[in-house]
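J.: Could you build the full structure based on these sequences and the hints that come with them?
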Amino acid sequence: LYLLSSCHFVDDVRTDFSIVVVVEKVRNELLLWNRGNTIFENWSGDPCSPPWKGFTCQMLNHTFTVTHLNLSSKNLQGSVPTSIGDLSELRELYLEDNNFTGSVPESFVSLHHLSNLSIKCNPHLDSQLPPGLSRRNLTVRKNASETSSSKRSIYLLGAGGSLAFSLAFAICFNCFYKRAHHSDRRDHLDIKNIVFSESSVDDVSTNLVVHQFSLKYIESATCNYKTLIGEGGFGTVYRGILPHGQEVAVKVRSATSTQGTREFNNEVNLLSTIMHENLVPLLGYCSENDQQILVYPFMSNGSLQDRLYGASAKRKILDWPARLSIVLGAARGLMYLHTFSERCIIHRDVKSSNILLDHSMCGKVADLGFSKFAPQEEDSGASLEVRGTAGYLDPE
3 LYLLSSCHFV
13 DDVRTDFSIV
23 VVVEKVRNEL
33 LLWNRGNTIF
43 ENWSGDPCSP
53 PWKGFTCQML
63 NHTFTVTHLN
73 LSSKNLQGSV
83 PTSIGDLSEL
93 RELYLEDNNF
103 TGSVPESFVS
113 LHHLSNLSIK
123 CNPHLDSQLP
133 PGLSRRNLTV
143 RKNASETSSS
153 KRSIYLLGAG
163 GSLAFSLAFA
173 ICFNCFYKRA
183 HHSDRRDHLD
193 IKNIVFSESS
203 VDDVSTNLVV
213 HQFSLKYIES
223 ATCNYKTLIG
233 EGGFGTVYRG
243 ILPHGQEVAV
253 KVRSATSTQG
263 TREFNNEVNL
273 LSTIMHENLV
283 PLLGYCSEND
293 QQILVYPFMS
303 NGSLQDRLYG
313 ASAKRKILDW
323 PARLSIVLGA
333 ARGLMYLHTF
343 SERCIIHRDV
353 KSSNILLDHS
363 MCGKVADLGF
373 SKFAPQEEDS
383 GASLEVRGTA
393 GYLDPE
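Letter by letter, the sequence shown follows residues 3 to 398 of the numbering used here.
Since the hints were derived computationally from the structure, they do not count as laboratory data. Even for Gly, the Cβ is constructed at its ideal location relative to N, Cα and C. Any given hint might turn out to be false.
Quick list of in silico lysine-lysine cross-link-like pairs, DSS-like style, CA-CA up to 30 Å [said to hold, decoys possible]:
{"#": "1", "residue 1": "Lys27", "residue 2": "Lys122"}
{"#": "2", "residue 1": "Lys318", "residue 2": "Lys228"}
{"#": "3", "residue 1": "Lys76", "residue 2": "Lys55"}
{"#": "4", "residue 1": "Lys218", "residue 2": "Lys228"}
{"#": "5", "residue 1": "Lys27", "residue 2": "Lys55"}
{"#": "6", "residue 1": "Lys353", "residue 2": "Lys318"}
{"#": "7", "residue 1": "Lys218", "residue 2": "Lys76"}
{"#": "8", "residue 1": "Lys316", "residue 2": "Lys228"}
{"#": "9", "residue 1": "Lys76", "residue 2": "Lys122"}
{"#": "10", "residue 1": "Lys76", "residue 2": "Lys228"}
{"#": "11", "residue 1": "Lys228", "residue 2": "Lys122"}
{"#": "12", "residue 1": "Lys122", "residue 2": "Lys218"}
{"#": "13", "residue 1": "Lys76", "residue 2": "Lys27"}
{"#": "14", "residue 1": "Lys228", "residue 2": "Lys55"}
{"#": "15", "residue 1": "Lys55", "residue 2": "Lys122"}
{"#": "16", "residue 1": "Lys353", "residue 2": "Lys316"}
{"#": "17", "residue 1": "Lys228", "residue 2": "Lys353"}
Label-pair distances were calculated between CB atoms; the ranges are [what the hints assert, rightly or not]:
{"#": "18", "residue 1": "Gln60", "residue 2": "Thr84", "range": "18 to 28 Å"}
{"#": "19", "residue 1": "Ser112", "residue 2": "Trp35", "range": "16 to 26 Å"}
{"#": "20", "residue 1": "Asn72", "residue 2": "Val329", "range": "49 to 59 Å"}
{"#": "21", "residue 1": "Asp292", "residue 2": "Arg317", "range": "35 to 45 Å"}
{"#": "22", "residue 1": "Ser216", "residue 2": "Val23", "range": "41 to 51 Å"}
T.: Here it is in structure tokens:
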């Protein structure tokens with residue numbers, strides 16, 4: 003009789019009413035952005051008896067409470083529910099591999115028992131934790147780098163190295179500038195040979211501005227190429243986030259690409275020796291396992307082509323002052339290429355899709371894969387080879 007009574011008692015255990023209220027709020031917040039998602043099919047009644055999909059409960063003080071919440075890989079979007087912060091006994095929270103936006107809620111500071119938090123592979127979610135949460139002894143999984151030592155180095159670079167970065171670039175550029183202005187004809191030929199080298203990327207001569215990334219690092223930053231943002235002559239472009247939080251655009255050369263090793267090396271070489279506010283800078287590259295990858299800062303307002311003719315044009319038409327500002331920015335970038343050092347650089351593929359717009363709608367010239375040095379007066383002849391986009395004549 004005692005055993006039967008005990009079993010009957012366990013069957014009658016219900017979830018703490020305050021937790022039921024909180025879980026209902028969590029569900030309602032998720033439903034705002036995710037109606038139709040199959041995860042909600044059994045989210046009704048008591049969340050712990052039986053447990054809802056993704057919930058793990060334990061009995062405390064003769065009632066059930068939620069201790070683990072796993073919402074990973076559920077194709078969820080929108081803001082992370084702030085009500086999760088009211089699950090007072092929550093130990094582990096997994097939100098990875100979704101499309102959450104915004105930032106980690108401040109309410110998570112109230113999760114005093116939380117020991118594991120995973121938010122990686124949410125490309126549009128700010129991985130910065132609230133101050134009260136970041137100071138705890140908490141295991142947090144973000145978009146990780148390949149090793150702990152390299153991760154520490156990148157965090158140091160992003161957090162405290164902006165001044166050193168600027169100084170290092172200034173020194174490198176100054177050295178290059180002096181070399182360009184005091185070199186003879188032989189030096190110019192050496193530069194030209196580097197740019198048009200057909201050798202592997204191991205022979206690419208770069209300075210401290212451009213980093214060589216491993217394939218593992220790229221895959222981690224893009225969550226295994228999760229978010230496709232465009233396609234072009236070189237290949238596909240994916241959105242990613244570096245460990246220190248910078249958003250990047252990752253161009254991966256496709257097997258059917260109209261551009262090859264020549265254009266890849268060309269862009270790496272050129273962009274590792276020049277920089278201008280109206281040129282899209284190259285952050286790094288990867289050449290591993292027959293993969294050729296270029297990494298740039300993410301341009302949040304897309305391309306001029308999209309703003310004029312694409313989906314963005316349907317949402318908001320560019321006014322004439324904005325158009326003029328963009329055109330002037332692109333012109334400044336081209337002017338810098340044309341007057342760079344003692345050798346003019348010809349882009350050879352100027353078009354609206356190669357003019358990108360940053361967060362302030364500043365026009366920046368991109369895609370220097372087809373670029374070349376203009377012939378000097380003493381050169382025996384000029385190249386008449388057609389380059390750039392097929393069926394399109396560059397106005398440059």
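J.: Against the 30 Å threshold, does the CA-CA distance of lysine 353 and lysine 318 hold or violate the hint?
T.: 21 Å, holds
J.: Between lysine 27 and lysine 55, does the CA-CA distance stay at or below 30 Å?
T.: Since the Cα atoms of lysine 27 and lysine 55 sit roughly 16 Å apart, the hinted pair holds (cutoff 30 Å).
J.: If I claimed the Cβ atoms of glutamine 60 and threonine 84 lie 18 to 28 Å apart, would that claim hold in this structure?
T.: 23 Å, holds
J.: Holds or violated: lysine 228 with lysine 122, Cα cutoff 30 Å?
T.: This hinted pair holds, its Cα atoms lying about 12 Å apart.
J.: For lysine 122 and lysine 218, compute the direct alpha-carbon distance and say whether it is at most 30 Å.
T.: 15 Å, holds
J.: For lysine 318 and lysine 228, compute the direct alpha-carbon distance and say whether it is at most 30 Å.
T.: With a Cα-Cα distance of about 28 Å, the restraint between lysine 318 and lysine 228 holds, given a limit of 30 Å.
J.: With the threshold set at 30 Å, check whether the alpha-carbon distance from lysine 218 to lysine 228 stays at or below it.
T.: Answer holds: lysine 218 to lysine 228 is near 14 Å, not above 30 Å.
J.: Going straight from one Cα to the other, do lysine 76 and lysine 27 come out at no more than 30 Å?
T.: 18 Å, holds
J.: Taken at face value, is the distance from the CA of lysine 122 to the CA of lysine 55 at most 30 Å?
T.: 21 Å, holds
J.: With the threshold set at 30 Å, check whether the alpha-carbon distance from lysine 218 to lysine 76 stays at or below it.
T.: 24 Å, holds
J.: Measure nothing beyond the straight line between the CA atoms of lysine 228 and lysine 353; if it is 30 Å or shorter, mark the hint as holding.
T.: Since the Cα atoms of lysine 228 and lysine 353 sit roughly 28 Å apart, the hinted pair holds (cutoff 30 Å).
J.: Next pair to validate is lysine 353 with lysine 316; report whether the Cα-Cα distance is within 30 Å.
T.: 20 Å, holds
Going down the numbered hints, you'll see the structure goes against none, and every one checks out.
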